[in-house]
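A.B. asks: So the sequences go chain by chain: A and B. Numbering-wise, the first sequence is residues 2 to 368 according to the numbering used here. Numbering-wise, the second sequence is residues 2 to 368 according to the numbering used here.
Please keep in mind that the hints were generated in silico from the structure rather than gathered at the bench. Remember, it's a predicted structure, so these values are computed and weren't measured experimentally. Hints should not be assumed to be uniformly reliable.
Because identical chains cannot be distinguished in the list, a pair is counted as satisfied if it fits within a single copy or across any two copies.
[Unchecked claim] Calculated pairs, BS3-like style, for lysine-lysine (alpha carbon to alpha carbon, straight line, at most 25 Å):
id, residue 1, residue 2
1, LYS105, LYS249
2, LYS250, LYS105
3, LYS349, LYS249
4, LYS250, LYS362
2 protein chains.
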Amino acid sequence: MPDTFKAWIGRDESAATGGLTFGAIEPKVFEDDDVDVAIVYSGICATDVSALSGEFGPIAPYGPRVAGHEVVGRVIRKGPAVDHLQLGDFVGVGAQADCCRQCKWCHEDRVNYCPRMTVTYGGSRYQRGAAKGTPAQSYGGFAKHWRGSSKFAVRIPPGLDPALAAPLCCGGLTVYAPLRRWGAGSRRARNVGVVGIGGLGHMAILIAKGMGAHVTAISRGTSKREDAFALGADAYIATSENTRADFKKHRRSLDLIICTINPPELPLNDYLGLLAPEGQLVLVGVVMAPMELISGSMIANATGVSGSIIGTPEDLAELFALAANGGVTPWINKWDMDEINQAIPAAKAGKAKYRYVLVNKDNGGVV
Amino acid sequence: MPDTFKAWIGRDESAATGGLTFGAIEPKVFEDDDVDVAIVYSGICATDVSALSGEFGPIAPYGPRVAGHEVVGRVIRKGPAVDHLQLGDFVGVGAQADCCRQCKWCHEDRVNYCPRMTVTYGGSRYQRGAAKGTPAQSYGGFAKHWRGSSKFAVRIPPGLDPALAAPLCCGGLTVYAPLRRWGAGSRRARNVGVVGIGGLGHMAILIAKGMGAHVTAISRGTSKREDAFALGADAYIATSENTRADFKKHRRSLDLIICTINPPELPLNDYLGLLAPEGQLVLVGVVMAPMELISGSMIANATGVSGSIIGTPEDLAELFALAANGGVTPWINKWDMDEINQAIPAAKAGKAKYRYVLVNKDNGGVV
Chain A
2 MPDTFKAWIG RDESAATGGL TFGAIEPKVF EDDDVDVAIV YSGICATDVS ALSGEFGPIA
62 PYGPRVAGHE VVGRVIRKGP AVDHLQLGDF VGVGAQADCC RQCKWCHEDR VNYCPRMTVT
122 YGGSRYQRGA AKGTPAQSYG GFAKHWRGSS KFAVRIPPGL DPALAAPLCC GGLTVYAPLR
182 RWGAGSRRAR NVGVVGIGGL GHMAILIAKG MGAHVTAISR GTSKREDAFA LGADAYIATS
242 ENTRADFKKH RRSLDLIICT INPPELPLND YLGLLAPEGQ LVLVGVVMAP MELISGSMIA
302 NATGVSGSII GTPEDLAELF ALAANGGVTP WINKWDMDEI NQAIPAAKAG KAKYRYVLVN
362 KDNGGVV
Chain B
2 MPDTFKAWIG RDESAATGGL TFGAIEPKVF EDDDVDVAIV YSGICATDVS ALSGEFGPIA
62 PYGPRVAGHE VVGRVIRKGP AVDHLQLGDF VGVGAQADCC RQCKWCHEDR VNYCPRMTVT
122 YGGSRYQRGA AKGTPAQSYG GFAKHWRGSS KFAVRIPPGL DPALAAPLCC GGLTVYAPLR
182 RWGAGSRRAR NVGVVGIGGL GHMAILIAKG MGAHVTAISR GTSKREDAFA LGADAYIATS
242 ENTRADFKKH RRSLDLIICT INPPELPLND YLGLLAPEGQ LVLVGVVMAP MELISGSMIA
302 NATGVSGSII GTPEDLAELF ALAANGGVTP WINKWDMDEI NQAIPAAKAG KAKYRYVLVN
362 KDNGGVV
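Just need the whole structure built from these sequences, with the hints factored in.
C.D. replies: Here it is as structure tokens:
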């Protein structure tokens, strides 16, 4: 008889508006390096809401959808090949649940670029151990339990509140990886800008401060100004429809900018003008329309624009270590996971300030 | 009585078509850290031709124009503050002749970003030591002598033919700086692409090979294919009007691309598709039209596009060291500097294969 887990399941677009149903799913077969995790906390990320709203395509192309990719809980079972985790350890899993272990990127431990990765939920191809007789898909954290490769279950150190670890698993990692890659806080990137103060942006401010950077928050209008300073920002730039004018007196002032917004359009050249020589603008949120890029001033200042996507388990372990003992404290609002059908619509309405975390009280979570 | 130097002077747009006249100029006043250089070789760079054609504005806004910014010769006079050069040393000077010595970038030895830099010719503001009674402008290498700060006169090591050093001073440095910054030949940038095989591109191939990279030359059609392999390229991609199709089977294959062309338009997203994860496309030539940039695949692969401009004297010293003893041998065609009024139009017509060097025989140069 196959194992079953209890989960909040989406079957159609009503999933984002209160239509998740509590029921049974059949996880992948248990392999030697797998763990089972009793889920205690599970973050809600904007992409969960988008996925459950059908923005990325049909909700349940391979069978029932269980979203949630900031999964935190206790290890309750481990395979014989699992050395680095003990039963009872708190672990966190982000947006990636497995990789092929064979490609160049896997061999170089840059698993987040594996072209055959398994995403944490809805992955259409589980490389290894698809449950027999079921479509080979992965299930996320809006559930009582999670099963997957221990390689992607990162141990949460004792000094870090597991509830705070949840939003770090995807949102935090997404901004930490480029902050680290481009040297935030080091001599070459002392001055860091963060565009957008929301789920990702508020963590980018916290993490960049934790890395020793001077942080400038950049946000539309002044409604987020007070929060920005409370988060630790050293400066604030309010933007309007006319970013060229807004940025005029801040030209060449930032070494690195992490852009966390998902706007329909972005005036790229205005943002590039904020960069000091050799500065880099990093997009972590998709801009829907093609952007216009002018080469002249980019060449004159040796600036550039890059993308970034999630990070590796090693990056997440570093971020957990940075966050432990109060180094980085995301602003979270907790919901009992039983209230998920209220939490998802509230997240969709942008009410989180700045990140929702679902709590399984029966697994030991504290609301 | 002020010093005078003999030089080939431009006064109007005829400068690029045979209208340079040989005459006297008055250099800046001689200061304690200056050197006078008897010019032996002087490279012709594409921007010299553009400047003398009036593409960058009036030829002689501050008085007579003396172009040339790949200046090689022997030190014949040095100020009392010059420690690192001896009389008789061969030195090379590139596109930058001075910097303010006061800004953040100067203090960090990133002088190529000094916002008050003096360009090697036609600089409208010589920070220090403008000749009294003359406009404060700088004079380049199409002359018998050059005077300027020893900080920007880089010693040419004995193993390097001074004639070959000339094109390295600007063109070579322009491609070396980004190759070095982005780690060409190291683990993170083993596979390097070079777009365009001309003055800059042919040196980019040579230098990237010298740094240990696997080099793919990318050029329109197949006319440069033979030269590319003769220069040391390991692979060649011929482009057509349809770069998307041309690049399809090469996707994700390059870690770093140096784009040396100056096209009216560039299909940026197609080029970005050639990049492996965390790869970077570096533009060193201006693209006239704004380019269209799509964020999605750039984010998914953490790729990016940056600019780069010249380099520092320290970079040039490194490049000279790399080039010495046959490490990098630019393909040059020599002209007697007395024939400069034929050489400039030939350069304008694209006849160099791949770089022209003017020779002052009376200062010891060998044609």
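A.B. asks: Is the C-alpha distance from LYS250 to LYS105 at most 25 Å within one copy, between copies, in both cases, or in neither?
C.D. replies: For LYS250 and LYS105, the Cα distance is within 25 Å only across copies (17 Å; inside one copy 45 Å).
A.B. asks: Are the CA atoms of LYS105 and LYS249 at most 25 Å apart within a copy, between copies, both, or neither?
C.D. replies: between (44 Å within a copy, 19 Å between copies)
A.B. asks: Given identical chains, is LYS349 near LYS249, meaning Cα to Cα at most 25 Å, within a copy, between copies, both, or neither?
C.D. replies: Classified as neither: same-chain Cα gap 34 Å, cross-chain 38 Å, threshold 25 Å.
A.B. asks: Quick one: LYS250 to LYS362, C-alpha cut-off 25 Å, is that within a copy, between copies, both, or neither?
C.D. replies: neither (51 Å within a copy, 52 Å between copies)
Comparing the model with each numbered hint stated earlier shows that hints 3, 4 do not hold.
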